[in-house]
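J.: Here is what each chain is made of, one letter per residue.
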Amino acid sequence: MLTPHTLTEYVRKVLADAQVTVTDRTGTMDHLNVRVVSDVFKGKTLLDRHRLVYQALDEPLKDGRLHALELTAETTDGS
Amino acid sequence: MDDVIAQEIQRELEQHTILIYGKGTRTAPQCGFTVETMEFFDQLGYPYEVINVLEQPAKREALTKMTNWPTLPKVFINTQFYGDTDVLGPMRTKGELQPLLEQAFQTKA
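Those protein sequences? They're chains A and B, same order as listed.
Okay, so the first sequence: first residue is 1 according to my numbering, each after it adds one.
Okay, so the second sequence: first residue is 1 according to my numbering, each after it adds one.
Among these hints, one or two may not hold up.
[As the list claims (entries may be wrong)] Straight line, CA to CA, 20 Å or less: simulated SDA-like cross-link-like pairs of lysine to any residue:
1) B:94 with A:59
2) A:44 with B:94
3) A:42 with B:93
4) B:23 with B:3
5) A:42 with B:47
6) B:23 with B:42
7) B:94 with A:63
8) B:65 with A:59
9) A:44 with B:47
10) B:23 with A:63
11) B:65 with A:51
12) B:65 with B:89
13) B:94 with A:35
14) B:94 with B:81
15) A:13 with B:70
16) A:42 with B:94
In short, the hints are calculated from the structure, not lab data.
I would like the entire structure built from these sequences, with the hints used as guidance.
T.: Written as structure tokens, this is what we have:
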């Protein structure tokens, strides 16, 4: 099962400065609401921001630990 | 990517102004996010098509490669890829989505 800590480590492999908040939507830790705050997102479209996070979570998405993800991707100044 | 599949996808994209590749069909969706995406466009009052790729693994893989986006549903507007409601929601809040949809349906009319 995927813990918020492990998930944050995965994200930080691609977004080293990321602040990650995880909310478990169904209690089984595989339908998650994930909020990522990182200044690496600056100047990037929403699509590319989400692609970066999906890239970081490629492994748990592929091995089934992660099924459904609701993503928010913002910079530190909330843009 | 297999040409037959690529051409099939291209045809589908050109046929439908809003196209949702998802899990299940419009009448029998099999995933919460596919339902959420349908409801998103229902609220906006725009017609859309849902194409089930659960039973078409080759097309599902082709779409993933084509968009560099690993999950379903995948939303296309006027043949352009827009991710899913995680992207479309903030676009709507920022007022970017409404003009895009109006323009997309005008070019079709």
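J.: Taking the hints in turn, state whether each one holds.
T.: Results of checking the hints against the structure:
1. B:94 with A:59: 32 Å, violated
2. A:44 with B:94: Holds - the C-alpha atoms of residue 94 (chain B) and residue 44 (chain A) are around 16 Å apart, at most 20 Å.
3. A:42 with B:93: Holds: residue 42 (chain A) and residue 93 (chain B) sit about 19 Å apart, inside 20 Å.
4. B:23 with B:3: Measuring from Cα to Cα gives roughly 23 Å; hence the hint is violated.
5. A:42 with B:47: 34 Å, violated
6. B:23 with B:42: 18 Å, holds
7. B:94 with A:63: Violated, at about 35 Å.
8. B:65 with A:59: Distance ~16 Å between residue 65 (chain B) and residue 59 (chain A) Cα, so the pair holds.
9. A:44 with B:47: At roughly 30 Å apart (the allowed maximum being 20 Å), residue 47 (chain B) and residue 44 (chain A) break the hint.
10. B:23 with A:63: Holds. Residue 23 (chain B) to residue 63 (chain A) sits at ~19 Å (cutoff 20 Å).
11. B:65 with A:51: 12 Å, holds
12. B:65 with B:89: Violated, at about 24 Å.
13. B:94 with A:35: 19 Å, holds
14. B:94 with B:81: 18 Å, holds
15. A:13 with B:70: Between residue 13 (chain A) and residue 70 (chain B) the Cα gap is close to 18 Å, so the pair holds against 20 Å.
16. A:42 with B:94: 17 Å, holds
The structure shown violates the earlier hints numbered 1, 4, 5, 7, 9 and 12.
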